[in-house]
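K.L.:
Mind docking chain B on chain A? Use the hints.
Protein chains: 2
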Amino acid sequence: MLESLFRPKSVAVIGASTKELSIGNRILKNLQDFEFKGPIYPINPKADEVRGIKAYKSIMEVPDGIDVVHMVIPAKFVPQAMADCGQKGVKNVIINSGGFSETGPEGEAIETDFLEQARQYGIRVFGPNCQGIINSDPDIRAYCNFTFTKPDVGFISIVALSGGVAEVIHQGFSQMGVGTRIYASNGNACDVTIPEIIAYLGNDDGTRVIVTYVEGLRDPERFMQVATAVAAKKPVLAMKAGRTQEGAKAAASHTGGLAKEDIATDLIFKKAGILNFSDEGELIQAAAAFATQPIPAGNRVGIITNTGGPAVIATDILVDAGLELPPLSDKTAKVLKETLYPEASVNNPVDVLATGTAAHYRACMDAMMVDDNFDCVFINFVTPFFVDTESIAKEIAEVNKQQRKPMVCNLMTDRRQWTETVRILQDAGVPCFALPGEAARAMAALVKYHRIQKRDSGTVKNYPEIEAQPAMEIVKNACKAGRKMLSAEETYQILDLYGIPAADWRLVSHVDEAVAAADTIGYPVVIKADAESIVHKSDMGAVALNLADDNAVQAAVNEMQANFSAAELRFFIQKYQPGGLEVIVGAKAEEGLGHALMFGMGGIYVEVLKDVVFNLTPVSDAEAREMIASIRMAPLLKGVRGQKGIDCEAVIDMIQRISKLVGDLPHIQELDLNPVMAFEDRVVVVDARIVL
Amino acid sequence: MLESLFRPKSVAVIGASTKELSIGNRILKNLQDFEFKGPIYPINPKADEVRGIKAYKSIMEVPDGIDVVHMVIPAKFVPQAMADCGQKGVKNVIINSGGFSETGPEGEAIETDFLEQARQYGIRVFGPNCQGIINSDPDIRAYCNFTFTKPDVGFISIVALSGGVAEVIHQGFSQMGVGTRIYASNGNACDVTIPEIIAYLGNDDGTRVIVTYVEGLRDPERFMQVATAVAAKKPVLAMKAGRTQEGAKAAASHTGGLAKEDIATDLIFKKAGILNFSDEGELIQAAAAFATQPIPAGNRVGIITNTGGPAVIATDILVDAGLELPPLSDKTAKVLKETLYPEASVNNPVDVLATGTAAHYRACMDAMMVDDNFDCVFINFVTPFFVDTESIAKEIAEVNKQQRKPMVCNLMTDRRQWTETVRILQDAGVPCFALPGEAARAMAALVKYHRIQKRDSGTVKNYPEIEAQPAMEIVKNACKAGRKMLSAEETYQILDLYGIPAADWRLVSHVDEAVAAADTIGYPVVIKADAESIVHKSDMGAVALNLADDNAVQAAVNEMQANFSAAELRFFIQKYQPGGLEVIVGAKAEEGLGHALMFGMGGIYVEVLKDVVFNLTPVSDAEAREMIASIRMAPLLKGVRGQKGIDCEAVIDMIQRISKLVGDLPHIQELDLNPVMAFEDRVVVVDARIVL
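So the protein lines, in turn, are chains A and B. Residue 263 in our numbering is what sits at position 263 of the first sequence, and the numbering runs on without skipping anything. Residue 421 in our numbering is what sits at position 421 of the second sequence, and the numbering runs on without skipping anything.
In isolation and in its complexed conformation, chain A is listed as follows (with noise of 0.2 Å):
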């Protein structure tokens, strides 16, 4: 659908410029040097060429279809522009200029204003106020951009509202000797979106890997349906800036959007199987190895090296990302120590020694694709000036041409003086990184990937038996009677509804009741006084635990009859449950995109260490397990120092249905049982909460 936008056939420059430094002749400029394949319109009134090229004085008088139109004019001309285009039959237009709806509503009346002409006619708008798309495919070669970053032709594609992040990192890949294929920036993306873009680049085969930096996502379903589609087809790799609420502040100065802190893109990231990344170097470091390399088919990785500590660095990194560097086969070990020199290191790692020569890596190389023992090879090589390094390069190339198992190369060198070593590896395709830590951390993000598509995504569990219905006419009679906050009955009734354990409870509202009540859940109990002024309920004695007796009961009662007069006070008893472990289950709505399901450590642990995790709605069986393995506490709920641990099924299936609750029930903005008392053989809700 984006074909014509990023394969044009033919270009126009609307606001084409004969001043060198203006962006109306800039992009003519990039486009002439990029060596685009197709037709190039300069539109220009006044004059008769634009570097050389024959202009047209109006769109509509240039000779043939156009593919894509750029427009660099000033924003109040645009619709206009965008009615000829329309009229020329133009399939799509870049708009580079801004003005519109960054700048405030009057541009944001414009941007309206050009969007209708373009859907009468159906032409497809990129920007406004943006820099455009690259496509180094060689039938293309389509500069269609005012940046400055000249890719190499590669299989890396970069996607980004953010004109200025898209371009450090294409320069990234391009200081790297490492290709792009498309570059798409596309500002204040008011038609085309990123998740179209994103979809485009799934299906286009010369993308082997998918680059993109977000400050946050305009429509989260839609980016959620369509990244979990891709990146189960190729590597999606995403940062998000804007992390901190002061990057957020600033986030939200330069896009005009809302400050806010943000914890759904991570949860989307992680849930559509994208590979996230807090660090810009590491993901072009990352995308460069994706770019070439096979996925590992496992976590275990042979090193090769010609020095010592540059080893020992990437393997603290490899072994902190939890790669494993398993011993060599005894088969590996035998060919190695007939063939390197006696003083070499035939462990892994593998050390070669700086004198260590092209058959001696060759010689590793091979053992390891072969040996069992490993899913992927590092390699360290440092160029002395007393051995043949170009001979070394070709080993490797040969051996990466092969493509057995993901290689990548720490390759340390003076890259203007061995510019002959460094091209062989460069053209060859190997990954090569001027750092151990960088190279590591590359090979550390194959695997990760590798896991990710391996992992389990389990089964979401649709629990036949339950019915919503009821618990939809709870929750609608209280949006009906202006409600935020259903009351303990209501909450109780659809945790009832929905299987969820809580403990034993009644809703009195005598004296005499509340010990009959008692009486029938059995003692110990709690009791807390209800009425919708009660918010706060420990802070304002509202609540007497563990009560042992009739005697005790009646006078907890009294006492909260006594200090709170409200005229519909009435009490919840319910069984108290003491001895267990606690912990929380919580929901919080996340606009488009269901609920941010939480579990976590109760008490102090969540006060102090926040140690709690997050999953988006529905979550599946495999997902609330790893949820609950993935607190820090997690080793208590198995049970430690003799302790029984807690009943981590039960866990499970009430993060499920608590999943199922908040799917049925949309209005539910807020869930939190907490806590909820874990034991060995149960687990039992003994206070909840939900927030319309």
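Read the hints as simulated data drawn from the structure, not as lab findings. Please note: incorrect hints may appear among the correct ones.
Identical copies go unnamed one by one, so any copy, or any two together, can satisfy a pair.
[As the list claims (entries may be wrong)] DSS-like cross-link-like pairs, simulated, lysine-lysine; straight-line CA separation at most 30 Å:
#1 Lys448 x Lys610
#2 Lys394 x Lys76
#3 Lys234 x Lys337
#4 Lys638 x Lys610
#5 Lys638 x Lys484
#6 Lys337 x Lys249
#7 Lys610 x Lys644
#8 Lys29 x Lys394
#9 Lys249 x Lys331
#10 Lys480 x Lys150
#11 Lys9 x Lys588
#12 Lys394 x Lys19
#13 Lys54 x Lys9
#14 Lys76 x Lys337
#15 Lys575 x Lys644
#16 Lys46 x Lys644
#17 Lys9 x Lys19
#18 Lys334 x Lys249
#19 Lys233 x Lys270
P.N.:
Here is chain B on its own, set in the frame of chain A:
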């Protein structure tokens, strides 16, 4: 003392070779290419000249005195050559050849042999099995080294045993266009040591920042002493690899050292005031900033940018690192509103827009340099083709020259196209980085060094009332008796002598004594069976907790008497201390360094969270305070959720007393107070163990 090594007036090469690809040739070439200021003497018995320089048959024939002799000859010839050098009055010998202690006992014997010769003649030996040194001082230009990076003149000195990592770091600076002062990689370091070199660099006025890489410390005490003194004068940046078990193993395999987990090095770095890095890239980038920038007076950063997204990334990283982004002062805001484009964002970050001019950048920098809200300035500078980037660079260079507040610059450009812009900034010593994250982390390192400089190292309390002698007697007697572990009685006696509060205790042999002791101590009590044969007390049923009365004591003693038949069986009666918070204080001997002192949360926290911190003895009051503030559960110590906190001052006192205790009694290998029960108004040791 190392003056003649690092500032040689003349250099000879024993083993000078006419073969281009040999080390004996390369060192001459490097000296020539780097334009060494003194005479070079190739020593070669067969050639009249090497690389166009007159050669001598033997070192004895050299007409003048020689400061540095390289030896590039087989190991077995080194002792004799050393004797010759001694005769000749040579001051320093750099042995580039290998084949010594790194290869095994035979090589070790040769090393001992030549070292004896060297000591006899007062020759200092650098290496063996090493790269050598470089000094870029324009008066010296000594490239006594066979490596390949040709440094610019600069202010950063590099020192490391590992030539591989030293060279990676050196190359990193070179690629960034950042100069080097002194480079020293001393391989086996049989004579001239890393601490000695660091001490020299500390006194070298041309060195503004010292960078070192270690895989372990040979003489930690000396390192600590030197590093503490030097780091107080100038920043010392260090990285330790071999952090993981696998990394330590890799390090051991190339250094011939022992693979061991090592926390001491990090503690030494911290105590000495060294900036500790776990990423070599970050270390390189931070050093580049330290080389030319003043140290900030605080953590408040102002950001100037001409593009949005990269400023958001930088903001996130700066804030994560503990920096603050205060608002602009009214005065700054007013000036900038008058100066910048109306669409510019006059906040922090200030966005001057991509079209922002040199005058705009200058106004921002000038304003921030005098604005009391800021301690440092972060510049984001993308180079659009449509602005005069060279004039912007000139303003940045100009402001940098004033050295009022530190600046870093994230320069987002194509270095192959914007060569002049890059040159202007580099020549002016503006630290330029290619990514916002890199620049931000370098800025954060400057602020971190400010914090280290300003930190209160506190006072080590002397406790003059404590007498060490009686405690020493106890330890000595146990040592004499060949015991590895002190008895409970001895342990608690020592704690008493050091004024460390322990739960009241008695040691008795009979049931009647036990009852009497319990009555004196007051119920409830704990009883532990005490005999050398009973090691894991709780597992063996040798502990009875919370005994409430005489009967319980009798029953417990009788049962233990029945279970344990040891002749020397006694009973340790102690006051039971329920309801406190369990903390741990411990100490472990670190060879050559005193002890590593530990503090942490006890119970499940230490088990599950490993929530402990360490510091080296002697621990000052300020350090003890910082220790208890830096565990993850620290808020719990202060009290959360209405729970009372603990007596932190008493813990601080206990830590210091333990610090003195292990300082006085160096025989102690391990000491564990686990747990210490901490209450609102006191702390009490309830179990203790001392291993000799």
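K.L.:
Which numbered conditions among the earlier hints are violated in the structure presented, ordered from lowest to highest?
P.N.:
2, 3, 5, 10, 11 and 16
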